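For the sequence shown, the positions run 1 to 488 when the working numbering is used.
In silico BS3-like pairs for lysine-lysine, Cα to Cα no more than 30 Å straight-line:
| no. | residue 1 | residue 2 |
| --- | --- | --- |
| 1 | 21 | 38 |
| 2 | 22 | 296 |
| 3 | 479 | 450 |
| 4 | 345 | 326 |
| 5 | 22 | 234 |
| 6 | 328 | 57 |
| 7 | 425 | 486 |
| 8 | 234 | 38 |
| 9 | 486 | 208 |
| 10 | 208 | 454 |
| 11 | 345 | 21 |
| 12 | 431 | 208 |
| 13 | 345 | 378 |
| 14 | 234 | 378 |
| 15 | 450 | 425 |
| 16 | 486 | 465 |
| 17 | 406 | 296 |
| 18 | 326 | 22 |
| 19 | 378 | 367 |
| 20 | 326 | 296 |
| 21 | 406 | 208 |
| 22 | 426 | 476 |
| 23 | 21 | 378 |
| 24 | 326 | 367 |
| 25 | 486 | 409 |
| 26 | 380 | 296 |
Restraint ranges, calculated between C-beta atoms of paired labels, are given here:
| no. | residue 1 | residue 2 | range |
| --- | --- | --- | --- |
| 27 | 151 | 450 | 26 to 32 Å |
| 28 | 53 | 135 | 19 to 25 Å |
| 29 | 329 | 9 | 36 to 42 Å |
Because the hints were derived from the structure by calculation, they are not lab data. Computed from a predicted model, the values in this text were never measured in an experiment. Glycine included, every Cβ here is placed at the ideal spot set by N, Cα and C.
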Amino acid sequence: MGKEITDRSEDYSQWYNDIVKKAGLASNSAVRGCMVIKPHGFALWENMRDQLDKMFKDTGHVNAYFPLLIPKSFLSKEAEHVEGFAKECAVVTHHRLMNDPDGNGVVVDPSAKLEEELIIRPTSETIIWNTYRDWISSYRDLPLLVNQWANVMRWEMRTRMFLRTAEFLWQEGHTAHATSEEAVAESRQMLDIYAQFAEEWMAMPVIKGVKTANERFAGAEDTYTIEAMMQDTKALQAGTSHFLGQNFAKAFDVTYLDANQKQQHVWATSWGVSTRLIGGLIMTHSDDDGLVLPPKLAPQQVVIVPIPKPGPEIDEVAEKLIAELKGKGIRVIYDQDTKKRPGFKFAEYEMRGIPVRIGIGKRDLEKGVVEVARRDTKEKESVALDGAVDFVENLLTEIQDNLFLKALKHREANSFEVDDMDTFKKVLEEKGGFIYAHWDGTSETELKIKELTKATIRCIPLDGKEEAGKCVFSGKPSKQRVIFAKAY
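Given these sequences and hints, build the entire structure.
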């Protein structure tokens with residue numbers, strides 16, 4: 001089955017598309033730019049969602065749900081926000097269909113035009129802040145820490161499954177606070193949660209930073225980001241957290257009475273990650289034989305394959321292993337299909353990214369062993385049957401750690417400090433990766449570098465040290481290096 005996948009070195013984009021389809025994650029839909037998330041892909045998203053949801057709730061957040069449709073007038077209330085999303089909005093103009101008088105199916109009923117058009121949410125700040133006006137009246141109502149799991153639509157012209165689709169799944173947190181300090185602390189806390197999730201669960205190393213004015217979220221005072229490096233050395237913005245200041249509170253007149261009986265506008269944040277994380281997972285770990293999944297998120301962590309086929313003796317051992325593995329919280333399946341040969345099954349589970357495969361054959365059982373294969377390195381070894389469960393439990397941890405370290409080494413090997421424009425262009429063209437360079441802080445320089453090289457400032461690293469230098473483009477003074485890269 002691995003031969004069905006284009007080699008990364010031949011066509012990275014096609015390799016990615018092949019894995020999405022052949023590993024059973026998603027398929028194209030009848031609607032332009034949208035995808036069908038298949039059960040294997042959705043199970044992966046559910047594992048991501050469940051862990052993130054727990055992390056949100058552990059920090060005091062609660063879930064709610066807001067309407068899919070937003071009155072057009074709401075988007076007009078915050079000028080910068082509407083400008084940022086105007087070109088991506090899908091608009092509902094009518095509320096009814098009718099039979100075509102000419103007998104050609106159905107048509108839009110011209111008499112059913114809406115008095116005010118409705119926007120399919122590209123993001124929910126406007127309708128949520130309109131709602132918060134009714135929820136908040138006193139300092140006792142704050143902080144308000146709400147998250148929503150939902151779908152959104154942004155009318156993208158160039159789409160790629162999971163990475164950029166017209167409709168996608170995500171979570172969006174929207175919080176209200178009494179002070180700017182509390183709101184900034186919330187923004188930073190959620191960035192830390194995203195970074196922790198990316199590194200500890202996705203095994204994907206990230207850099208935490210703040211976006212430039214050109215790159216920040218429409219309507220935000222500051223946008224914090226986690227940036228990851230994919231195997232082709234391009235950057236992926238994997239999650240963002242925004243300090244919104246009082247922009248939306250003022251636009252929707254959301255105020256509270258403070259302890260001194262003074263009316264104040266609240267301070268706001270929003271933050272989100274989406275099914276784009278699945279794209280990041282694919283491009284961080286997978287290989288030319290298919291999907292590679294970190295064990296913590298894999299829908300199935302272990303598959304047991306009988307060799308050459310199921311039978312009473314093998315079934316008995318498999319059932320015992322399954323019970324013991326499930327007792328340790330390990331997700332395991334047993335392939336009892338009698339139509340497919342073991343070699344085909346091995347390739348299929350390799351394609352789907354199951355971290356560990358246990359092969360059970362009659363000859364192995366006579367020796368008191370089973371064969372254990374790991375997906376990340378493709379190494380196999382015979383393991384004593386009575387110690388197999390503990391071995392697999394430890395192996396899953398080892399695979400998780402190995403995937404993170406491998407990705408971290410890749411990022412480190414493709415990160416470069418550059419001090420002049422000629423070297424900048426050469427490194428970007430020949431190696432790509434993350435380029436740490438000084439920038440003079442102006443939008444003009446940032447846009448000029450983007451125009452010349454197609455590289456953008458991914459972030460100003462939060463852990464970056466102060467270092468006197470000269471802008472790589474203008475030669476003007478700079479106090480810190482920023483990260484440039486080509487990105488998805």
